[in-house]
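**Student:** One-letter residues, chain by chain:
There are 2 protein chains.
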Amino acid sequence: MKSIIKNYKDSKKSIGFVPTMGYLHEGHISLIRCAKKENDIVIVSVFVNPIQFGKNEDLDRYPRNIKKDIQLCEKEKVDILFNPLYKEMYPKGFKTYIVVEDLTSTLCGRYRPNHFKGVTTVVAKLFNIVKPDRAYFGKKDYQQLVVIKQMVQDLNMDTQVIGCPIIREKDGVAMSSRNKYLSKEERTSASALNKALLLAKNLFIKGQTDPQVLKKEIQSLIMRYPKIKEIQYIEIVNPKTLKPVKTVKKGDIIALAVFVGETRLIDNIEL
Amino acid sequence: MKSIIKNYKDSKKSIGFVPTMGYLHEGHISLIRCAKKENDIVIVSVFVNPIQFGKNEDLDRYPRNIKKDIQLCEKEKVDILFNPLYKEMYPKGFKTYIVVEDLTSTLCGRYRPNHFKGVTTVVAKLFNIVKPDRAYFGKKDYQQLVVIKQMVQDLNMDTQVIGCPIIREKDGVAMSSRNKYLSKEERTSASALNKALLLAKNLFIKGQTDPQVLKKEIQSLIMRYPKIKEIQYIEIVNPKTLKPVKTVKKGDIIALAVFVGETRLIDNIEL
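Protein chains in written order, with this note's numbering: chain Y, 61 to 331; chain U, 61 to 331.
In case anyone wonders, no lab produced these hints; they're calculated from the structure. All of these numbers come straight from a predicted model, not from anything done at the bench. Hints may be right or wrong, so weigh each one.
Because identical chains share one entry, a pair is satisfied inside a single copy or across any pair of copies.
[Claimed, not checked] Result set (DSBU-like, lysine-lysine): computed pairs, CA atoms no more than 35 Å apart in a straight line:
#1 K306 / K152
#2 K310 / K155
#3 K72 / K276
#4 K152 / K309
#5 K62 / K155
#6 K310 / K97
#7 K115 / K69
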């Protein structure tokens with residue numbers, strides 16, 4: 061892979077990179093199309109990264125379909141699909157991790173303590189292999205985007221990190237490989253997340269700036285749906301620091317994580 | 061700095077890099093000369109990295125003499141001396157750290173808990189700025205060398221990390237900027253470290269393979285000198301894992317840290 065990249069670099073091709081865990085959907089495709097527009101070469105990685113999963117999380121059942129991923133990448137004229145093995149990425153004796161402090165202790169990081177350590181470590185490795193000029197991440201994983209931007213800046217990496225809009229199903233559910241886990245009924249309940257975020261945004265536009273009021277409204281809308289098992293968090297945060305705000309301002313982010321049945325879904329909206 | 065490096069890379073120059081904390085001595089110069097031999101361009105960085113010092117360590121009094129460093133680099137025909145400011149390396153809001161687990165919990169890491177986290181973080185930053193083909197480190201800081209090699213391998217960095225022999229004063233004391241702290245009497249006591257390591261190596265060559273016996277001999281030689289305040293550790297370790305060995309083999313490393321007066325000195329020898 062490194063020698064292929066060296067050839068591209070030698071011939072001054074710009075490289076756009078879309079790191080994924082595979083099971084590609086319209087969200088990923090929007091990233092690929094964005095990368096196609098802005099770069100000579102587009103590389104997609106498919107790697108289900110074990111070290112970003114917690115012990116009781118869904119690593120084993122995480123959906124995989126590399127054949128379909130290859131077809132989609134071919135259709136989108138992706139130049140390279142990089143699909144490394146676990147033992148290539150984490151050979152015996154692997155010991156090095158990258159930690160972005162502070163930003164990773166809030167929101168999802170509070171409930172998934174080693175998740176972002178796994179994300180930043182694998183992304184740094186992939187960046188060092190692929191050497192992208194630009195890398196594309198969906199805003200659905202908003203905290204991930206902020207954490208990766210921080211890492212790139214702090215470690216003086218050369219890649220420009222670009223966040224792309226959330227792509228949603230017709231019923232408003234944010235595209236995610238994990239939506240596959242949902243039964244038909246759960247899927248209906250899942251649509252509550254986006255509905256609640258839109259409701260809160262409307263209330264904010266109409267003048268409501270108290271985060272507690274907005275959070276309560278979100279909570280009560282979501283809890284009305286039958287398959288909601290647990291709201292893990294609803295937070296309204298500053299888009300850069302990810303710290304909860306006391307008064308809501310334009311540009312702040314409402315982020316939430318909700319268990320619909322056994323499936324943990326996240327979503328967010330920019331105010 | 062990055063744009064200068066880009067020009068070198070575009071014109072296919074190989075880059076040799078010697079990262080230092082300045083106050084350059086013969087040890088550093090041997091690294092520079094090694095880099096000169098093997099690369100088109102040689103870059104030396106001088107940066108006293110605060111995040112690798114503990115709270116009660118010698119950050120404030122660490123010796124500095126940038127004028128002399130510049131003169132030495134000019135004399136050695138170093139192409140670039142990179143001397144960044146603290147606020148350039150760690151701007152407000154800096155949050156990202158690199159940790160090499162396991163290898164950093166033994167030897168010096170046991171007594172300097174965040175030291176190697178600071179070292180790997182700054183070295184990764186410098187590597188991302190300078191993009192060296194080869195980087196040169198002295199074997200005096202043997203654990204540092206092993207830790208950096210591990211980081212480079214684990215994170216798929218492109219730099220080849222090269223360890224160079226310890227350079228010693230006439231009395232056997234390993235070259236170190238911290239030798240400046242020593243009074244004349246302390247300096248005599250400091251020579252015990254190398255003497256003890258050589259004694260142990262001789263005993264090993266004559267057939268002694270019990271690490272406890274070798275460590276005892278080292279200890280009793282060192283403690284005979286008046287200015288020895290404390291032996292922090294004496295360990296005989298595998299050169300790759302840095303784990304203590306049960307039977308000493310050729311290639312193992314004896315490493316030690318000793319307080320001579322208030323000055324902490326380290327040294328090691330390869331068997």
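**Student:** Which hints from the list above does the structure break, by number from lowest to highest?
**Tutor:** As far as the earlier hints go, 3 and 7 are violated by this structure, in ascending order.
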